[in-house]
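Visitor: Now for the letters of each chain:
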Amino acid sequence: MNTVSTLLVCVFGLALLSGGGEIRAEDGYRLETIPFPKGVPPEVGAIGFNPSGELVVALRRSDVLIARPTEDPNQFEWRLFASGLHNACGMHVVSDQEVIISQMPELTRLVDTNGDGSADWYETLNASWGMSGNYHETNHLTPDGEGGYFLAIGTASHNGPVFYNVRGTYSKTGRRGRNYSAASWKGWVLHVDADGVMTPFCKGFRMHNGILRDRNGNLWAGDNQGDWRATTPFYHLKKNQFYGHPSSLVWDPEWDSSRDPLKVSLQEWSAMRTPAAVLLPHDIMNRSASEPIQIPESGFGPYGGQILLPDNNGKRISRLMLEEVDGQFQGACTHFWNENGLNLGNNRVVFSPDRGTLYVGQTSRGWGALAEGVQRIIRTKESVTDILTMSLTPNGFRLRFTGPVPDSVRDPGTYRMKSYRYEDGPSYGGEKLDTIKVAIPKVLRVDDFTVDLPVEGLKDGGHIYELSVDAEGLRSNVFCYTINRLRKE
Amino acid sequence: MNGKTSIALTVAMTWAVGSLGAEERWVTLDNEPLGSPEKPLVLRTYFPDPGLGREVLANHDLSYRARKYSPGKGDVDGFDDPIRGIPAAIGVNFGAGFSYCWDTTECRLLFAWQGGFLKMENYWGNPESGRRKPFAYLPELDGPLIYLARGPHPLVILDDFVESHAPAFSGYRLVDEVPEFIYRLGKATIRVRIVPGEKPMTFLKQYVVEGAKEVAYRETGYRDQIEKETPLTFSVTVTGRLESESSSGELEPEYLTDKPNLEWGKALYTQLGCLACHSTDGTRGHGPTFAGTFGSERKITGVEDPVLADEAYLIESIKNPAAKVVESFPPGYMPPYPIPDDQVQSLVLFLQTLKNE
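Residue numbers (the working numbering), protein chains in the order written: chain A, 164 to 652; chain B, 9 to 365.
Because the hints were derived from the structure by calculation, they are not lab data. Hints are supplied without guarantee of correctness; some may be wrong.
As a list, the in silico DSSO-like pairs of lysine-lysine whose alpha-carbon atoms are at most 27 Å apart [to be verified]:
#1 K201/A with K332/B
#2 K426/A with K267/B
#3 K236/B with K274/B
#4 K141/B with K335/A
#5 K274/B with K595/A
#6 K478/A with K141/B
#7 K141/B with K127/B
#8 K201/A with K651/A
These numbers come from a predicted model, not from an experiment.
All chains, full assembly: derive it from the sequences and hints.
Guide: Below, the structure written as structure tokens:
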């Protein structure tokens, strides 16, 4: 432990001497650290790009800063665009003069009306959710494509109190539990239209610290492993659905408000809830899902259209491979980036306008050890060899590679597979259950890019199939596919 | 040296590297940020509640103590009590001379103080460890209070029948660097800007009201001097005084209960600020006395026959005072109390005991 610390100190120390801009490379990508102005803690609550190509960063304490990216990560010249915000958590940049921010208390439009470079009009667009005063009730936004927003409103934590005077309505039954929904609409996704009118959209979240409407109009949110989440889930969001964390039910007009949501029977609970599209095993993949982002069709390597899901409590960014089976989304996950210079606390992400760089904003949000900063992952000219997708067939899995199937992965001995499942419940997190080894007897060629791995006795209902590929030269080696439904043909 | 702290320190130090823009006034690792008279610092954050009455926070809901919960065992012994904070206010600091806290839920000035602004470490966290103070993460006021709001909202729209007293916050503009808060009340739009006064302990509230014809202004408990440019554009000079922070209005634990009861009702009468307008001894105040109300016939504005003040009438009067306005009292003066039913019931139990003396 002590040697590791010393080593870390040395690494940081070196970074300090060389001016902060640490550089690490990985097949096809390069990671750089971007320093901040003197004394300004880069506790990144939200991040975006404005139309003239400047990076816009909202910080937890108050400020929104802007800088034009430079090739040298140490040359960013930051200026102040806005200040005074309470824990900005979500951002949508509308123009060089206008930025929409979801901060702790409200959805706010920041406008520079006189063109002097800083905002002078802070318009409240919507403040329809409650505030219990608990520190944990952060939020996030994604544009609805029609001038409005979907907002993910997080719950409170039993590691903090509520205030005696709360904004919105207080619920005694919602106040119970580890993570709780004591004030209006905590644990919900809300829709606010272009006129600022709020309609509740779906419910059952614990800490959906990141919501995305993708280019096909699908809505997604991850959540944090914890109570009612045995491991980190990733959900496809649909209107009126319930995603499993019960406290938020107290705000459902159809719920009897005197009924304790924690006392629903597991049977009733399973019948009500919509399972995750993808489960990310907590230990090896992702401890705390933050902002999902869809990879551009081109410009950032071979993974165009897939979703990246940063880990707010791990030095990694997960890559999701989704597909529709029997009319529902499910799929696999792997690491897009794991360790190798990436900070902890990966919270918010944005692609540069040229699509070649992913900017990652980090913060532990004051909830844990410091993990603050901005880093960027740049696509280099190097080619990438990887498994592009892992998908389900009626009798096994199909792997599609980014190029011709490498010789190293044609032998069944290269693959190891096990399956397990999780059970959600009121306690924090959960163990892997029913772990068994799964045999992969052969590797079948489908075409130059694709192989099939036949597997017997596939089980649905949330079983995870963890595949390890023991081959040199692949960017990713571990893949976890969540089977909610079997593929019939 | 302990390994963990040394990492934290180094990380904190790497923050100090980087290129500087022009003269900027960012919020930094300094947990005691300050503005100046020329460029005040505006900061939205949680605020401590230095002893505001329920009549001031009438549009907030009340929370209760909650049983401690263990994810493994469910309910366990002991309670978590609420703490006294303001969830959605905005702070403004003009340097050492003057700071205030303006609330976006009540749309009014809650309190003002002198000296420094806020000590943010409890909430923003310690620069080395990054951690905030777990159960008391409220910022602290860095100086003595000179104003603490009392009584109902000082600004009343007289011409229009305002059904709901819940104001709606629209945002703020920086006018010469000082925020001008904008909110709506019924059809009216109200803009207010607060700046330090010329004399010590004084400050100015500059009001512009649109969409109304007649307004009244009255500060409860402080000297105010009103200068009208027009009936709807005016500025109020308020003279503050040193106030001590108090925890008045705190509910006693035995009233934090699910079942309506008389004791609780009696306490709520004080804590919710009913006593500011209603006496229990027969004297007339801003509102009718409560003595002998229950069971009597009430004369209602615009209604020919008197109405019996039964239980249903009392409940309606508390939840929706605009529904029936007692004759000779102004409409829209009493704020509606959107409080839980058990509290309303407790108040009714209390009102039923008050007989004519």
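Visitor: All hints are to be evaluated individually against the structure, with a verdict given for each.
Guide: Results of checking the hints against the structure:
| no. | hint | verdict |
| --- | --- | --- |
| 1 | K201/A with K332/B | violated (61 Å) |
| 2 | K426/A with K267/B | holds (21 Å) |
| 3 | K236/B with K274/B | violated (41 Å) |
| 4 | K141/B with K335/A | holds (25 Å) |
| 5 | K274/B with K595/A | violated (55 Å) |
| 6 | K478/A with K141/B | holds (26 Å) |
| 7 | K141/B with K127/B | holds (12 Å) |
| 8 | K201/A with K651/A | violated (59 Å) |
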